[in-house]
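Protein chains in written order, with the numbering used here: chain A, 34 to 305; chain B, 89 to 250.
FYI, nobody ran anything at the bench for these hints, they're computed from the structure. Among the clues, some could well be false.
[What the hints assert, rightly or not] Below, computed lysine to aspartate or glutamate pairings styled on EDC-like, alpha-carbon distance capped at 20 Å: (1) Lys219(B) to Asp286(A); (2) Lys116(A) to Glu292(A); (3) Lys228(A) to Glu206(B); (4) Lys228(A) to Glu246(A).
[Said to hold, decoys possible] What the simulated footprint calls covered on chain A by chain B, stretch by stretch (three residues with Cβ under 8 Å from a Cβ of chain B suffice, anywhere in the stretch; the number is not a length): (5) 123 to 129; (6) 159 to 171; (7) 182 to 189.
Since the structure is predicted, the reported quantities are computational estimates derived from the model, not experimental observations. Ideal placement from N, C-alpha and C gives every residue a C-beta, glycine not left out.
Here is how the chains run, residue by residue.
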Amino acid sequence: MAGMSAFLEKFHLESLEPWIVLGLAVLISLGLMATSERPGTEAVRVRTTEMLEVFVRPINLIPTIVSLKGENTRLRAENTRLKIETSQLREAQFENLRLRQMLDFREGSSLTLRSAQVIGKNPLPGVSSLLINAGWNAGVRKNMAVVNDRGLIGEVSRVGSGTSVVHLLTDRNVGAAVRLSNCRADGITSWMGGKNLMIEGIASATPARLGEEVITSGLDGVFPPGILVGQVIRTQRAGENLFLEIEVEPAADFSTIEEIFVVWDNEPHQTP
Amino acid sequence: MILHLLHLLIGVIIVVLQITLANYIAIFSVKPDLIVIFLVVRGLISGSTAGVIWGFTLGFLADAVSGGLTGMGSLAYCVAGFIAGRVGAGKMIGRVHYMFALAVSSVVVNLIFYYFGEPWREQGLLMPLLKHTIPGILYTYGLGMVWMMSPFCRFLAERRRG
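Next up, chain B with everything else stripped away, as it sits in the complex (with noise of 0.2 Å):
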């Protein structure tokens, strides 16, 4: 109970660090998804079950404090976590499974936010893509991988495995 009420509370400061952190590490207003590398984690790690639900609570954080159409992100994150799960399938594997797990989420998220929020509507179809949603998948991709490669995230490997 304890642990789950500790993973709960991790992801409530990813949540945060979504939309405090990250606008600090923007680059031409493009943001990495915090949300989406915290989720393939615990995709990989506890199933596609267990993603499903994180991806749901974290999504529905995020829409309550963006303003925008509620059920957005959990709509998008629940699938993300559905994902991860299903790559991993229960087992943190390796890191060929988190990579692809990571872009395939990654771009999945983003073409839900692309989708539903619309902003073909003004700008065309290719312009927004173009602008945010590829270098926003490229960007969380990127950093997923930092991510991957820093000693922190081997040495939770380690224990992990160990």
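So here's chain A without its partners, still in its complex pose (with noise of 0.2 Å):
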């Protein structure tokens, strides 16, 4: 700085020193704009976010009562745990019914959970992301599914060593493949503003109806099969369109999430 002062003064451009530090920050930012996505980038973005990491868990820490917290994440993780099961029973007894002579059939639930703490919640406008307190050295990786007691929230989308980013479901960048419960028809999950989502991709001629179940049909690879993502609230055939527009109530609320778990899927699924 002290050099660039010195620069500027011996051409007698003193008054323009604050417009050139803002241009080359501006520039700067712009760069990092078109750099995002790349490795490099994002491994400073990680150092970063672990550094902050030391001085948001002892904020985290001032509100919570220790001795009940302990004892109602094992219950939550239980209670997780059961409704996922609960979902995937469901999911297994329609194919039951359908597929009665194959008899190819999951035995039991092969998710694992992690829970992990929200210590952070969208510093910027526009972003829907939460920073929780679990990274790579609690086994957390890239493109895991997060979710809390009542349905799915979203994946990780950055892992640190003690702390992760979690995209949510009301991310534009975030979209799950989704089966409708009783009518069978897949689709993908799209933000479109608002508390609620869209599912885009079913076909027109689909009777999917209000209060249909909503859950994740495992199709993307990413999000483990049977994971309740909500109930639908609407649907609506527009005119000529190909795909019928519903809307459906995440079943979790985003806007109070303060402890979740991560979904270790030890079973491999069905990829497109």
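Please assemble the complex out of the two chains, which come individually in their own frames, going by the hints.
Dropping the structure here:
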């Protein structure tokens, strides 16, 4: 900085210094935007997040009632596991009815859950993300599914040694392959603003019903099948459009997430 | 040197408060931008060059934990720091300057996030402005005013004058 000041003084350009610094900062910012997904930039972000974690952890400890927290975590994990198993059993029942002769069913849940605390949320407007206190050291990997006791939350998008960033279903960059539980139609979720999700790619002739549960189909190779996503609250056939407009109310309340579970899918599932 | 490190530590704590505490005071998922308030104060005190550097640094920290587009926060906040610095011209002049710098910086920051965050692609041009951008600006401005009226802020200002 001192070197630049001396250089500017030499050419009587001192008054331009703030403008030059601003220009440089803007150029670097635009450069960062252009290289946002590159491994180098990603590595710097991960290191920075790890550095911030040192400050974030103590602040999050303040409101914690330590003695109840552990028990609560265990019970929530149990509850979530049971809900997923119930959802998968329902799924298996439908499959059984249709494919009674084939006897090709799972014998139990192959999912393992690892609990984590939410230690930060959406620092910038327009990005739906969470910072959680589990990372590489705890076995978390990129693209792992994240759930809570109500249903699917999102996916892990970046992993540091002790923290990870989770993108929520209400982020414009996240879409999950889903299935309507009764009519068995497959689609992909997308977020169009607000609290609810839309399902794309379901043919307009599909007999989707209000209140029908929406679960993950596993076809995207990211989210394990059978996890509850939400329920249908609106269907609309728009003119000659080939696809139905289906609005889904997510099972999870994204504004009050405090504790989540990262899902290890121990069994390879169907991929496209 | 120690003073610079102390200021940096305060800046980091502001970013941490933005990702933790700000969620507890969100109204209908609209949060105040503590980073902008901090940058306006810093820019007014230290001038545009320092404001840009502060803005870029804190913006990058916010980018790192956001999971969004890297560079978006640093761009928005370096412009905010620059604006505050130009308004103050290196001196903490008075409440009017603070209010003006806060209003302009908050609007510019939120508009940059609106443009580069691209919520208008899904929700149309007007809806995200009405639901998030404008309430975000108003909330940040309101909290900035509360901060200005607080005894702690007055104490700091008195001390600075003294």
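Hints, one by one, checked against the model:
1. Lys219(B) to Asp286(A): Roughly 19 Å separates the two Cα atoms, so the pair holds.
2. Lys116(A) to Glu292(A): Given that 20 Å is the threshold and the Cα spacing comes to 16 Å, the pair holds.
3. Lys228(A) to Glu206(B): holds, 17 Å
4. Lys228(A) to Glu246(A): holds, 17 Å
5. 123 to 129: n = 0 at 8 Å, threshold three: violated.
6. 159 to 171: holds (count 4)
7. 182 to 189: violated (count 0)
The structure shown violates the earlier hints numbered 5 and 7.
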